[in-house]
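Just so you know, the protein sequences line up as chains R and L, in that order.
Take this note's numbering: the final residue in the first sequence is number 420, and no numbers are missing along the way.
Take this note's numbering: the final residue in the second sequence is number 420, and no numbers are missing along the way.
Among these hints, one or two may not hold up.
Heads up, the list lumps identical chains together, so a pair's fine if it works in one copy or across two of them.
[Unchecked claim] In silico lysine to any residue, SDA-like type, Cα no more than 20 Å apart, as pairs:
id	residue 1	residue 2
1	248	308
2	248	399
3	126	270
4	260	310
5	260	281
6	138	340
7	126	263
8	260	86
9	138	370
10	248	416
11	248	397
12	138	58
13	260	385
14	248	306
15	248	258
16	126	287
17	260	141
18	248	403
19	260	124
20	138	258
21	260	396
22	260	102
23	248	87
24	138	238
What the hints contain is simulated information worked out from the structure, not anything from laboratory work.
Note that the coordinates shown come from a computational prediction; the quantities given were computed from them, not determined experimentally.
There are 2 protein chains.
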Amino acid sequence: MTPGILAGMRVVEASAFVAAPSGGMTLAQMGAEVIRIDLPGGGLDFRRWPVTDDDQSFFWCGLNKGKRSVCIDFSTPEGGELAAAIITAPGEDAGMLLTNYAPRGWLSHETLRAKRADLIQLTIQGKRDGGTAVDYTVNPTVGIPLLTGPQDAGGPVNHVLPAWDLLTGQMAATGLLAAERHRRRTGEGQHIKLALEDVALATLGNLGFIAEAQRGRVRERVGNYLYGAFGADFECKDARVMIVALTLKQWTALCRALDLETVVADLERVSGLDLSLEGNRFRMREQIAALVSTRIRERPLGELGPLFDRLGVCWSRYQTVAELVARDPACSTVNPLFAATDQPGVGSILAPTIPLDFAAGGRLPPIPAPRLGEHTDQVLRTLVGLSDAAIEDLRHRGLIAGPVVRASE
Amino acid sequence: MTPGILAGMRVVEASAFVAAPSGGMTLAQMGAEVIRIDLPGGGLDFRRWPVTDDDQSFFWCGLNKGKRSVCIDFSTPEGGELAAAIITAPGEDAGMLLTNYAPRGWLSHETLRAKRADLIQLTIQGKRDGGTAVDYTVNPTVGIPLLTGPQDAGGPVNHVLPAWDLLTGQMAATGLLAAERHRRRTGEGQHIKLALEDVALATLGNLGFIAEAQRGRVRERVGNYLYGAFGADFECKDARVMIVALTLKQWTALCRALDLETVVADLERVSGLDLSLEGNRFRMREQIAALVSTRIRERPLGELGPLFDRLGVCWSRYQTVAELVARDPACSTVNPLFAATDQPGVGSILAPTIPLDFAAGGRLPPIPAPRLGEHTDQVLRTLVGLSDAAIEDLRHRGLIAGPVVRASE
């Protein structure tokens with residue numbers, strides 16, 4: 012089987028939760044060897060919900076697919092030395108560390124670099140000064156919850172998706188690859204820092220929110236409407252749909268599908284606004300929504316869906332996660348993104364591989380998450396050169412954990 | 012000035028909206044030369060809101076910082092040939108294309124590869140079959156809106172942040188760097204595909220939603236509560252705050268800060284649940300929230316904030332975007348992420364550079380977005396080898412646009 016586009020790269024992950032693990036998993040799913048180091052018994056996220064009835068975490072299994080798992084008590088000096096040895100073990104495409112632990116003690120960049128001069132270390136922080144922050148505390152500070160939800164919401168609406176964590180994790184993967192490229196050209200490693208708070212702030216800047224606010228414009232809540240163009244949710248006879256007319260082509264398609272041309276022309280005449288311009292569609296969103304609603308609310312999705320698809324309307328159907336999983340072919344093995352995996356400790360999971368579909372280098376199938384500590388012995392043997400006796404002694408003293416795997420196995 | 016970690020790399024972007032431009036900008040902000048090609052007059056996103064009073068898009072300026080802009084009418088065969096020439100122009104670190112246009116005609120991979128055998132092309136699609144989808148239609152299908160918002164919301168709550176677009180863009184940057192690394196080692200380019208829909212589906216899988224649903228578990232709406240641990244929003248005397256106790260350390264800090272130890276012990280006794288376990292804190296979230304609320308609702312933030320910080324409580328304050336921009340030092344030039352830039356057509360913008368802080372290779376300051384077509388002449392001259400006369404002829408025939416810049420300038 013094709014080994015994957017990053018085959019040969021080795022990254023060590025000292026991590027927990029979403030950001031660092033999702034970044035590390037992106038690299039693992041492209042074929043890199045990613046070794047995740049946890050304390051014996053698991054890290055802070057090992058039991059993170061959702062969990063099975065016997066407390067196996069679907070979350071952990073989802074975010075650590077395809078990695079190796081090593082358990083070391085790195086809260087002790089000796090354990091820290093072992094972890095450092097794994098991180099700095101030789102190899103042209105190795106010596107890469109992704110972490111959301113503070114770069115102190117055995118994890119300080121200076122300490123690690125003394126063991127491997129070209130080390131690449133990427134530290135994910137909550138705040139740029141190292142202070143505590145998580146996705147769910149960053150989001151309130153950047154204004155998004157007060158812009159989310161119905162206009163009469165009366166208070167902030169938090170997001171369910173940890174978008175900042177996910178974006179930070181992906182940016183960490185990008186940063187590691189950029190630094191690895193730099194190292195190949197110059198021989199130089201480095202320490203890279205990435206703050207969750209900065210990812211959120213930069214995004215607000217990139218989308219224009221900051222420049223707008225600097226000029227005194229107050230962005231209002233607009234409920235489910237798409238800002239700046241036409242987009243809204245509607246009930247048809249037997250389903251709820253989202254319809255978007257962001258581009259002129261999509262707007263034309265919608266007008267044609269629902270025979271809106273005449274009433275739209277009337278609306279343009281009465282308002283004096285050219286609705287071929289997306290900003291005007293946003294201004295007139297309530298009127299346009301009313302027109303669309305009258306045209307669709309008594310019609311079943313079985314009729315509207317094919318009509319929309321035939322004419323190129325940009326739309327979708329609201330589904331619950333249960334409905335997605337039960338009936339949507341996109342969330343099944345019909346979609347090459349997915350395969351059924353046998354996840355140790357859990358059972359069969361419909362699991363995704365990486366969305367990136369490389370024509371060369373191959374698209375690896377999803378590989379289950381490891382059992383906790385599954386690779387402790389193997390990694391200590393191959394990367395640190397420890398004997399079975401040394402490994403047994405470490406286990407006996409509680410410095411490492413995981414199933415016993417002797418050299419002969 | 013240090014040139015940036017990707018200095019020497021050249022990427023061409025044939026793109027619009029959020030996903031591809033944000034991915035391309037990530038590379039530009041690390042020092043790559045990123046040439047964005049648009050139709051004369053601008054692409055579908057050129058006037059995307061928010062806009063200035065004279066219709067300059069803050070959105071476009073935010074997502075295209077640091078790029079070069081070339082305007083070519085690539086809807087014509089001759090224009091397509093010009094664009095293809097730019098994409099496939101020689102250079103060891105060049106021949107890279109990021110696009111969300113369908114790979115047809117002059118943009119087909121086979122056609123472009125005939126001009127440059129080692130071309131790397133990354134095509135972002137809405138759906139994996141090439142069908143139309145945008146962030147705002149993908150989100151409803153994956154179940155998130157029906158999990159967002161107050162428990163009595165009565166309908167879906169769309170997200171304001173185009174999280175799927177942003178994540179896809181970041182993943183595109185990762186994919187391009189992975190492919191470039193592969194090419195460096197093997198000489199081989201390739202076509203990479205990335206579907207927005209797949210990014211969302213994979214994320215649902217990675218966070219455990221799919222496995223949970225496969226087992227018949229129905230995820231409920233929980234309003235502003237953090238799923239699976241303790242986290243909630245509260246009103247204190249003069250502000251609204253988010254408080255999170257995801258880890259035991261954060262929970263202990265919260266209990267200490269608000270003198271909750273006794274009442275928590277009572278709650279544990281009454282419920283029979285050990286609240287040191289995050290799942291139990293989630294089960295008892297309403298009771299815990301009531302306790303926290305009584306302790307803080309009459310106290311001003313000026314008292315609670317320092318108390319929380321001193322004891323290591325994980326918390327933040329809800330702000331509007333206006334408040335963020337007006338008073339939060341994190342959203343100012345106190346934060347090295349930001350600098351004041353002079354954006355052509357708009358004026359002064361507090362703009363972010365990339366959140367990745369590379370110790371070596373340097374952190375570039377934010378560079379304004381180009382004027383539309385600002386680099387048309389320069390790029391056609393240097394990459395395609397056209398003379399001033401040839402360029403003038405193309406402009407005369409409407410095939411290119413942008414300010415005239417002669418070779419001597």
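Which of the listed hints are broken here? 2, 3, 4, 5, 7, 10, 11, 12, 13, 15, 16, 18, 19, 21, 22, 23, 24
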